[in-house]
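As you go down the protein sequences, you meet chains C and Z in turn.
Numbering-wise, the first sequence is residues 2 to 283 according to my numbering.
Numbering-wise, the second sequence is residues 6 to 128 according to my numbering.
Quick caveat, the hints were computed from the structure, so don't treat them as lab data.
Keep in mind that the hints are not guaranteed to be accurate.
Claimed, not checked - Covered stretches of chain Z, as calculated for chain C (at least 3 residues, CB under 8 Å):
hint: 1; region: 23-32
hint: 2; region: 41-50
Claimed, not checked - Some chain Z residues close to chain C (C-beta under 7 Å, calculated; not the full set):
hint: 3; residue: 37
hint: 4; residue: 74
hint: 5; residue: 75
hint: 6; residue: 77
hint: 7; residue: 78
What the hints assert, rightly or not - Some chain C residues well away from chain Z (every beta-carbon gap over 12 Å; in silico):
hint: 8; residue: 21
hint: 9; residue: 54
hint: 10; residue: 55
hint: 11; residue: 110
hint: 12; residue: 178
hint: 13; residue: 183
Keep in mind the model is a prediction, meaning the values are calculated, not measured.
Where is the CB? At the ideal position from N, CA and C, for every residue including glycine.
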Amino acid sequence: VTIATVERAYAGTALEREWPTRVLIVDDAASTRRFLRGVLEYCPQFEVAGEADNGATAIELTEALRPDVVLLDLLMPVIDGANALGGLLAAAPDVRVIILSGMDSEQAAPLLAAGATAFVPKGLAPFELLQRLGDILNIPVTLERSTPTSSPPDEAASPAPPQTRAVICDDDPMARRLVTRVLENCDVSVVAETDTAPSLLSVIELAKPDLVVLDLWLEGISGTTALPEIRKLSPHSVILVYSSFDEWKENALAAGATAFVTKPNFEELGAAVHLLTRAATR
Amino acid sequence: VTTPVLPEEVLDQRMVGALRDFGREPGVLLDEMVDGFLVEAPALVAEIERAVADHDGEAVARTAHRLKGASGHVGATRLAIVAGVVEAAGRAGHQDAIEAASTTVRRELVLAIAAARALLPPT
Chain C
2 VTIATVERAY AGTALEREWP TRVLIVDDAA STRRFLRGVL EYCPQFEVAG
52 EADNGATAIE LTEALRPDVV LLDLLMPVID GANALGGLLA AAPDVRVIIL
102 SGMDSEQAAP LLAAGATAFV PKGLAPFELL QRLGDILNIP VTLERSTPTS
152 SPPDEAASPA PPQTRAVICD DDPMARRLVT RVLENCDVSV VAETDTAPSL
202 LSVIELAKPD LVVLDLWLEG ISGTTALPEI RKLSPHSVIL VYSSFDEWKE
252 NALAAGATAF VTKPNFEELG AAVHLLTRAA TR
Chain Z
6 VTTPVLPEEV LDQRMVGALR DFGREPGVLL DEMVDGFLVE APALVAEIER
56 AVADHDGEAV ARTAHRLKGA SGHVGATRLA IVAGVVEAAG RAGHQDAIEA
106 ASTTVRRELV LAIAAARALL PPT
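Let the sequences and hints guide you as you build the complete structure.
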């Protein structure tokens with residue numbers, strides 16, 4: 002009886018597990034892998050076993066690392082997610098493969114029939130994603146701590162590294178102030194605030210920030226329209242969209258955003274910034 | 006354009022509490038957001054009313070969207086909801102609905118301003 006088998010037995014109950022569920026993250030976008038790693042490491046019930054940026058590597062790592070769960074993107078080079086599924090299940094028949102994709106859920110139906118455990122859309126807020134994974138795996142997830150926004154002062158003993166540099170783009174001055182405060186509270190340095198997409202692009206070209214916090218509703222060129230250009234100018238930046246237009250989430254993620262938080266929820270924004278910056282510095 | 010169901014609270018006390026408790030200097034963010042709201046919101050409502058008078062639905066929608074955002078930051082949920090109604094009416098170009106909703110916005114603004122002022126420390 003392997004540990005993984007025992008774990009699965011536990012996973013079928015509501016019993017508290019004594020060891021974390023080991024997860025292999027498979028996505029060709031480094032920013033998405035960082036985000037997922039950050040989210041999973043926020044939760045003691047999960048442990049990141051490894052990362053792969055294509056389906057072929059994922060199959061090799063699944064055989065070598067024997068993760069309990071594979072979070073599998075679909076659109077990837079070399080071998081895409083759909084074609085990797087069979088190889089993953091052959092490499093580790095007990096592994097649970099969760100499709101995590103920005104594609105339509107209907108496209109995942111054949112994969113569920115072929116052995117994938119579940120489909121989870123990309124773009125969920127961090128806590129929502131953890132909760133969804135917990136529900137799928139029947140794991141009662143708990144968080145390492147509540148939220149960074151409500152942290153006691155002594156949390157300053159382990160802040161995110163101060164070198165994380167951010168640029169904010171929002172045409173609402175109150176939003177810029179709020180986002181700045183949230184970032185400062187996460188020990189992120191705000192190097193510039195802008196209110197239009199063209200000015201943001203200029204700043205990004207100069208500042209090469211680690212983090213871009215972007216509103217989508219902007220005068221002139223919208224944030225969604227600007228996203229591919231932002232991604233091109235700064236391919237390694239984490240792009241966190243903070244917008245009230247939840248219905249634009251899918252388009253934003255498809256256009257290059259790393260994560261999406263719906264306004265007005267500055268606590269969720271703080272949690273996302275904390276996770277993303279912590280993951281980016283590992 | 007539908008008639009919204011408004012919560013009883015003029016300001017969402019959970020949001021107000023979260024703003025008050027935020028960060029290493031509790032109270033600072035709440036004061037900043039309230040100060041910003043007291044300046045922004047009346048100006049935006051006045052701008053909406055000018056756009057309504059000009060029958061400029063696009064400007065109504067654009068400004069109402071900004072009001073929705075400014076209200077949301079400080080937990081003025083009722084005002085944010087009616088601003089959303091004005092925004093939708095403006096986008097649809099329904100002048101009657103725009104006028105009705107903007108009247109509601111003015112009423113909710115008065116309530117929200119009073120509630121927000123009460124949050125500030127006495128001067």
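Do the hints match the structure? See the list:
Under a criterion of three residues with beta carbons nearer than 8 Å to beta carbons of chain C, the stated coverage of the region 23-32 of chain Z is upheld, 6 such residues being counted. Here the region 41-50 of chain Z counts 3 residues with a CB under 8 Å from a CB of chain C, which clears the bar of 3, and the coverage holds. The beta carbon of residue 37(Z) comes within 6 Å of a beta carbon in chain C, closer than 7 Å, and the hint placing it at the interface holds. Checking residue 74(Z) against chain C by beta carbon gives a least distance of about 5 Å; that is within 7 Å, so the hint holds.
Using the Cβ-Cβ criterion of 7 Å, the hint placing residue 75(Z) at the interface with chain C is satisfied: the shortest such distance is roughly 5 Å. Because the smallest distance between the Cβ of residue 77(Z) and any Cβ of chain C comes to about 3 Å, under 7 Å, the interface hint for this residue holds. Look at residue 78(Z): its Cβ gets to within about 5 Å of chain C, closer than 7 Å, so that hint holds up. At roughly 30 Å, the least C-beta separation between residue 21(C) and chain Z is larger than 12 Å, which holds for a residue marked as non-interface.
Every beta carbon of chain Z lies more than 12 Å from that of residue 54(C), the smallest distance being close to 37 Å; the non-interface claim holds. Chain Z leaves residue 55(C) outside its interface by the beta-carbon criterion, the shortest separation being 40 Å against a cut-off of 12 Å. The non-interface label for residue 110(C) is consistent with chain Z: the shortest C-beta to C-beta separation is roughly 34 Å, beyond 12 Å. With a closest Cβ-Cβ approach of about 6 Å to chain Z, residue 178(C) is found to fall inside the 12 Å limit, against its non-interface label.
Its closest Cβ contact with chain Z, about 8 Å, brings residue 183(C) to no more than 12 Å, contrary to its assignment away from the interface.
The earlier numbered hints that this structure contradicts are 12, 13.
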